[in-house]
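> For chain A, the structure is supplied; the task is to place chain B on it using the hints.
Respectively, the protein sequence lines represent chains A and B. In this text, residue positions in the first sequence follow the numbering used here: the first is 1, and each later residue adds one. In this text, residue positions in the second sequence follow the numbering used here: the first is 1, and each later residue adds one.
Calculated from the structure, these hints are not laboratory results. Cβ atoms here follow ideal geometry from the backbone N, Cα and C, with glycine treated the same way. A couple of the hints might just be wrong.
Subject to a maximum C-alpha distance of 30 Å in a straight line, what follows is the list of computed DSS-like cross-link-like pairs (lysine-lysine) [to be verified]:
(1) Lys19(A) / Lys19(B)
(2) Lys42(B) / Lys59(A)
(3) Lys42(B) / Lys16(B)
(4) Lys42(B) / Lys19(B)
(5) Lys59(B) / Lys19(A)
(6) Lys59(A) / Lys19(B)
(7) Lys42(A) / Lys59(A)
(8) Lys19(A) / Lys42(A)
(9) Lys59(A) / Lys19(A)
(10) Lys59(B) / Lys42(B)
What follows is a set of in silico ranges between Cβ atoms, one per label pair, in the way DEER data are often shown [said to hold, decoys possible]:
(11) Asp92(B) / Pro14(A): 40 to 46 Å
(12) Pro105(B) / Thr20(A): 26 to 32 Å
(13) Asn21(A) / Pro105(B): 20 to 26 Å
(14) Asp92(B) / Gly65(A): 27 to 33 Å
(15) Gly82(B) / Pro37(A): 41 to 47 Å
(16) Met1(B) / Phe3(A): 28 to 34 Å
(17) Gly82(A) / Gly48(B): 20 to 26 Å
Partner residues are not named here, just some residues of chain B that face chain A (Cβ under 7 Å, in silico) [as the list claims (entries may be wrong)]:
(18) Phe23
(19) Gln27
(20) Tyr54
There are 2 protein chains.
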Amino acid sequence: MPFIAASDVTRFSPEKMTKTNFFDCPQMVADIYGLEPGQSQKIHSHAGEAKLYYVISGKGDFTIGDETRTLGPGEIAAAPTGIDHGVSNPYDDRLEALVVMAPNPNLRK
Amino acid sequence: MPFIAASDVTRFSPEKMTKTNFFDCPQMVADIYGLEPGQSQKIHSHAGEAKLYYVISGKGDFTIGDETRTLGPGEIAAAPTGIDHGVSNPYDDRLEALVVMAPNPNLRK
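Just chain A, same shape as in the assembly (with noise of 0.2 Å):
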């Protein structure tokens, strides 16, 4: 599946926040991420990968290492290993965010 628009893959859950994954290879995971009003990912860190995430729609607030910005769409939030992240959205719209992760973190398991 080379190509794709990111609105086919998009899921929201009124559970929690989605991630949908659309391409999973040893070097990357890519997912569009999907967060409603209300919803978030909870700070964390990872011990071997970097993360980016790039906001499609909406916007969050989006943490990485002790700093929280508010990004909007066509805005970058960028964490390499070991640095704290997460997002969470308390604004009125949803959130949707392209996130890729390298290398794949399945490859540690």
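For chain B alone, kept in the frame of chain A given last:
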């Protein structure tokens, strides 16, 4: 530089397509590509890296393997390791794309 707007990164050149790096670590490199009408990235492959393109604005003809598709904003092309890929912009508008490669190809140099 954990936070950035893609629009602050993108550059265009009358000479050839541009790749402007904004995140560089051992696990991944992330660039914004800028292609003026008529510019292209020749089809090529990487022995050890996977690559993902996300179209921010404009449109382009993306090749993955032996398939070429015209992609516009919000559309994605993904090339696993060893698969031919490239992009050309034969259209009237500038093409701006987020491109993530993993791992960092400079590790091999």
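> Each hint needs a verdict: does it hold in this structure or not?
Hints, one by one, checked against the model:
1. At roughly 28 Å between alpha-carbon atoms, Lys19(A) and Lys19(B) fall within 30 Å of each other, so this suggested pair holds.
2. About 35 Å separates the Cα atoms of Lys42(B) and Lys59(A), which puts this hinted pair outside 30 Å; it is violated.
3. For the suggested pair Lys42(B) and Lys16(B), the alpha carbons sit about 11 Å apart, so the restraint of at most 30 Å is met.
4. Taking the CA atoms of Lys42(B) and Lys19(B), the gap is near 13 Å; set against the 30 Å cutoff, the hint holds.
5. Between Lys59(B) and Lys19(A), the direct Cα distance comes to roughly 26 Å. Compliance with the 30 Å bound is thereby established for this hinted pair.
6. For the proposed pair Lys59(A) and Lys19(B), the alpha carbon gap of about 26 Å is at most 30 Å, so the pair holds.
7. With a CA separation close to 16 Å, the supplied pair Lys42(A) and Lys59(A) stays within the 30 Å bound.
8. Between Lys19(A) and Lys42(A) the alpha-carbon distance is near 13 Å, which keeps this suggested pair within the 30 Å criterion.
9. Proximity of Lys59(A) to Lys19(A) is assessed by CA-CA distance (about 16 Å); at most 30 Å being required, the pair is judged to hold.
10. Only pairs whose Cα atoms come within 30 Å are accepted, and Lys59(B) paired with Lys42(B) is accepted, the gap being roughly 16 Å.
11. For Asp92(B) and Pro14(A), the hinted distance range of 40 to 46 Å is satisfied, since their beta carbons lie about 43 Å from each other.
12. The supplied range of 26 to 32 Å is met by Pro105(B) and Thr20(A), whose beta-carbon atoms lie about 28 Å from each other.
13. The beta-carbon spacing between Asn21(A) and Pro105(B), approximately 24 Å, falls within the hinted interval of 20 to 26 Å.
14. At roughly 42 Å, the beta-carbon separation of Asp92(B) and Gly65(A) lies outside the given 27 to 33 Å, and the hint is violated.
15. A C-beta distance of roughly 42 Å is found between Gly82(B) and Pro37(A), which places it inside the suggested range of 41 to 47 Å.
16. Checking the proposed 28 to 34 Å range against Met1(B) and Phe3(A) shows it holds: the Cβ atoms sit about 31 Å from each other.
17. Taken as a hint, the range 20 to 26 Å holds for the pair Gly82(A) and Gly48(B), whose Cβ atoms sit roughly 23 Å apart.
18. The beta carbon of Phe23(B) is positioned within 7 Å of a beta carbon in chain A (closest approach about 4 Å), and the interface hint is therefore held.
19. Against a cut-off of 7 Å between C-beta atoms, the interface hint on Gln27(B) holds, since the closest Cβ of chain A lies about 4 Å away.
20. The restraint placing Tyr54(B) at the interface with chain A holds, with a minimum CB-CB distance near 6 Å, inside the 7 Å limit.
In the structure shown, a violation is registered for the earlier hints numbered 2 and 14, in ascending order.
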